[in-house]
Amino acid sequence: MRECMEDLPKLQARLKRIEGQIRGISDMMEKDVPCNEILIQINAAKSALHKVGQMVVEGHLHHCVKDSIEHGNTEETLKDLSKVIEYFSRI
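If you use this note's numbering, the sequence shown closes out at 91, no skipped numbers anywhere.
Source of the hints: derived by calculation from the structure; they are not laboratory data. Check the hints yourself; a few may be wrong.
30 Å max Cα-Cα, derived DSSO-like pairs, lysine-lysine [as the list claims (entries may be wrong)]:
1) LYS83 x LYS66
2) LYS31 x LYS51
3) LYS66 x LYS51
4) LYS46 x LYS16
5) LYS10 x LYS46
6) LYS31 x LYS16
7) LYS66 x LYS10
Input sequences plus hints: build the corresponding full structure.
What follows is the structure in structure tokens.
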């Protein structure tokens, strides 16, 4: 899977920022911040995580799917891609 991710350090940096956002949301709840402000931050974290998923899918397409098709594994690759799309659509 590692080779499918185009820029692992970039993905890891994004995930670290998302971790910080989640901790910030928890702190907001402890400080009794208004619900609408908490929901705004939850949506921002959700969007950021969705972007990470999108980057993983793109990396999978550009590396794993491309390589597999080039090696003649078209049917198996299409089944795998279908699963990846299904997983991503659930995000």
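Hints and how they fare:
1. LYS83 x LYS66: holds (16 Å)
2. LYS31 x LYS51: holds (29 Å)
3. LYS66 x LYS51: Distance ~21 Å between LYS66 and LYS51 Cα, so the pair holds.
4. LYS46 x LYS16: holds (14 Å)
5. LYS10 x LYS46: holds (18 Å)
6. LYS31 x LYS16: holds (23 Å)
7. LYS66 x LYS10: Given that 30 Å is the threshold and the Cα spacing comes to 22 Å, the pair holds.
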